[in-house]
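Engineer: Top line first, the protein sequences correspond to chains Y and A.
In terms of UniProt numbering, the first sequence opens at residue 1 and continues consecutively.
In terms of UniProt numbering, the second sequence opens at residue 1 and continues consecutively.
Just so you know, the hints here were simulated from the structure itself, not pulled from any lab data.
Cβ coordinates follow ideal geometry from the N, Cα and C atoms, glycine included.
You can trust all of the hints, since none of them are fake.
Computed beta-carbon distance windows for the label pairs: (1) Y:138 <-> A:112: 43 to 51 Å; (2) A:151 <-> Y:155: 25 to 33 Å; (3) Y:101 <-> A:48: 31 to 39 Å; (4) Y:1 <-> A:21: 46 to 54 Å; (5) Y:135 <-> A:189: 19 to 27 Å; (6) Y:104 <-> A:28: 47 to 55 Å; (7) Y:219 <-> A:163: 29 to 37 Å; (8) A:5 <-> Y:141: 22 to 30 Å; (9) A:140 <-> Y:218: 34 to 42 Å; (10) A:151 <-> Y:196: 34 to 42 Å; (11) A:138 <-> Y:218: 41 to 49 Å; (12) A:35 <-> Y:141: 50 to 58 Å; (13) A:151 <-> Y:104: 31 to 39 Å.
Heads up, simulated EDC-like pairs for lysine to aspartate or glutamate below, C-alpha to C-alpha not over 20 Å straight-line: (14) Y:83 <-> A:86; (15) Y:153 <-> A:131; (16) A:159 <-> Y:140; (17) A:141 <-> Y:165; (18) A:87 <-> Y:77; (19) A:48 <-> A:24; (20) Y:87 <-> A:86; (21) Y:162 <-> A:165; (22) A:87 <-> Y:81; (23) A:159 <-> Y:165; (24) A:48 <-> Y:86; (25) Y:159 <-> A:140; (26) A:52 <-> Y:94; (27) A:162 <-> Y:147; (28) Y:141 <-> A:165; (29) A:162 <-> Y:165; (30) Y:83 <-> A:77; (31) A:83 <-> Y:35; (32) Y:87 <-> A:81; (33) Y:118 <-> A:165; (34) A:162 <-> Y:131; (35) A:118 <-> Y:165; (36) A:52 <-> Y:86.
2 protein chains.
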Amino acid sequence: MKNIKVIAFDADDTLWVNEPYFREAEEKFCGLLEDFIPHHTVDQELFKTEIKNLPLYGYGIKGFMLSMIETILRVSENTADIKLVEKAIQIGQEMLQKPIELLEGVEDLLKKLNGDYKLVLATKGDLMDQERKLIKSGLEKHFHHIEIMSDKKVSDFQKLLKHLDCLPENFMMIGNSLKSDILPVLEMGGTAIHVPYHITWIHEEVSHTIVHPNFYQVKNLGDIYELLVK
Amino acid sequence: MKNIKVIAFDADDTLWVNEPYFREAEEKFCGLLEDFIPHHTVDQELFKTEIKNLPLYGYGIKGFMLSMIETILRVSENTADIKLVEKAIQIGQEMLQKPIELLEGVEDLLKKLNGDYKLVLATKGDLMDQERKLIKSGLEKHFHHIEIMSDKKVSDFQKLLKHLDCLPENFMMIGNSLKSDILPVLEMGGTAIHVPYHITWIHEEVSHTIVHPNFYQVKNLGDIYELLVK
Chain Y
1 MKNIKVIAFD ADDTLWVNEP YFREAEEKFC GLLEDFIPHH TVDQELFKTE
51 IKNLPLYGYG IKGFMLSMIE TILRVSENTA DIKLVEKAIQ IGQEMLQKPI
101 ELLEGVEDLL KKLNGDYKLV LATKGDLMDQ ERKLIKSGLE KHFHHIEIMS
151 DKKVSDFQKL LKHLDCLPEN FMMIGNSLKS DILPVLEMGG TAIHVPYHIT
201 WIHEEVSHTI VHPNFYQVKN LGDIYELLVK
Chain A
1 MKNIKVIAFD ADDTLWVNEP YFREAEEKFC GLLEDFIPHH TVDQELFKTE
51 IKNLPLYGYG IKGFMLSMIE TILRVSENTA DIKLVEKAIQ IGQEMLQKPI
101 ELLEGVEDLL KKLNGDYKLV LATKGDLMDQ ERKLIKSGLE KHFHHIEIMS
151 DKKVSDFQKL LKHLDCLPEN FMMIGNSLKS DILPVLEMGG TAIHVPYHIT
201 WIHEEVSHTI VHPNFYQVKN LGDIYELLVK
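Work out the full structure, taking the sequences as your base and the hints as a guide.
Structural biologist: Okay, structure coming up:
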């Protein structure tokens with residue numbers, strides 16, 4: 001892969017733990033509404049609210065908090081104790097203050113790649129929250145550029161490349177989401193490495209198998225360096 | 001001002017109407033809590049919540065919505081009807097869907113400057129919401145670069161300049177907030193033009209008078225062109 005000059009990394013569940021925190025929060029939230037609907041269906045109701053609000057709120061914890069609150073109102077038909085709203089806010093504020101837990105091999109890989117490639121962080125989500133996580137992670141120094149994107153569609157990646165003055169054939173994306181990190185990059189003509197994470201948000205799931213000459217899949221970040229120097 | 005090469009514009013209340021929408025929303029919100037505290041003190045309680053949450057939520061409507069809800073809980077000591085929470089969400093969702101109303105002279109100025117200067121949009125706030133407003137405004141085409149910043153401190157402007165490969169003496173910022181658009185830019189060595197707007201959020205207010213060789217103040221955006229070609 002000698003043509004690669006810019007390597008972009010997704011952040012959540014690629015560099016550090018994220019989705020498990022959402023699952024943990026959802027689990028707590030399900031417990032709040034057991035008086036109204038069965039525990040396991042709360043999740044589905046919350047997901048419905050999230051998807052409805054996505055065009056308005058975008059990705060991130062603040063939107064998630066507002067969707068939890070809206071779900072309490074809808075599911076209880078405005079009869080829930082207002083203290084449940086307080087608990088939902090607590091769940092969200094705890095999420096916003098979680099420590100950053102780096103995934104295995106992250107620092108080692110970034111150190112090895114630095115110098116040979118221009119490293120970029122390309123992450124979706126809430127501006128304030130993603131910046132907070134990046135600073136806490138201590139990884140900022142490895143990146144030439146940080147791009148916090150409101151979405152990861154083909155057009156969003158095209159804008160990023162224009163901005164970086166980089167051709168698609170010189171661009172590689174590494175991430176855990178087939179839908180957001182892999183498919184749009186392949187469509188644009190770039191290279192993509194999928195590093196699966198054990199939990200994926202249902203909204204990010206892709207059901208079909210990807211077969212593409214510029215598509216790679218590795219088990220761990222540690223396997224990427226070997227792939228690159230081949 | 002022949003040394004100026006890059007001109008950055010603030011967006012909210014510099015290019016388009018914003019603060020009046022917040023005031024309108026606050027006014028509606030004050031009405032919701034009249035059963036608990038006097039109308040005019042609700043504002044102060046909301047402001048207290050907003051400032052407390054600023055480090056966690058950052059700027060923008062979603063954080064404002066969460067702070068409205070938290071204020072309902074605190075002021076009513078968890079005794080308010082949960083329907084008030086629903087109303088606060090409605091107030092916020094309406095704000096997120098407001099049309100964009102350009103301020104006078106904006107398009108004309110941008111057209112005149114385009115070509116002679118590199119134009120940048122440098123705005124604070126929520127990523128998704130600011131992008132939405134920019135697209136709705138139809139002004140995107142005038143800007144070489146869009147920077148949505150989580151804050152506007154000196155270090156944030158320094159990062160922006162590094163990114164734009166621009167020296168402070170070649171940089172000019174135009175905005176309505178002395179605190180966010182003017183003071184940090186002057187401190188960094190740049191030039192700043194203040195275009196006051198008739199309403200300013202109390203958090204953005206500055207009490208002292210600014211005297212600085214690189215500081216200018218104009219009544220309208222329309223006056224800027226003349227100032228530049230002097």
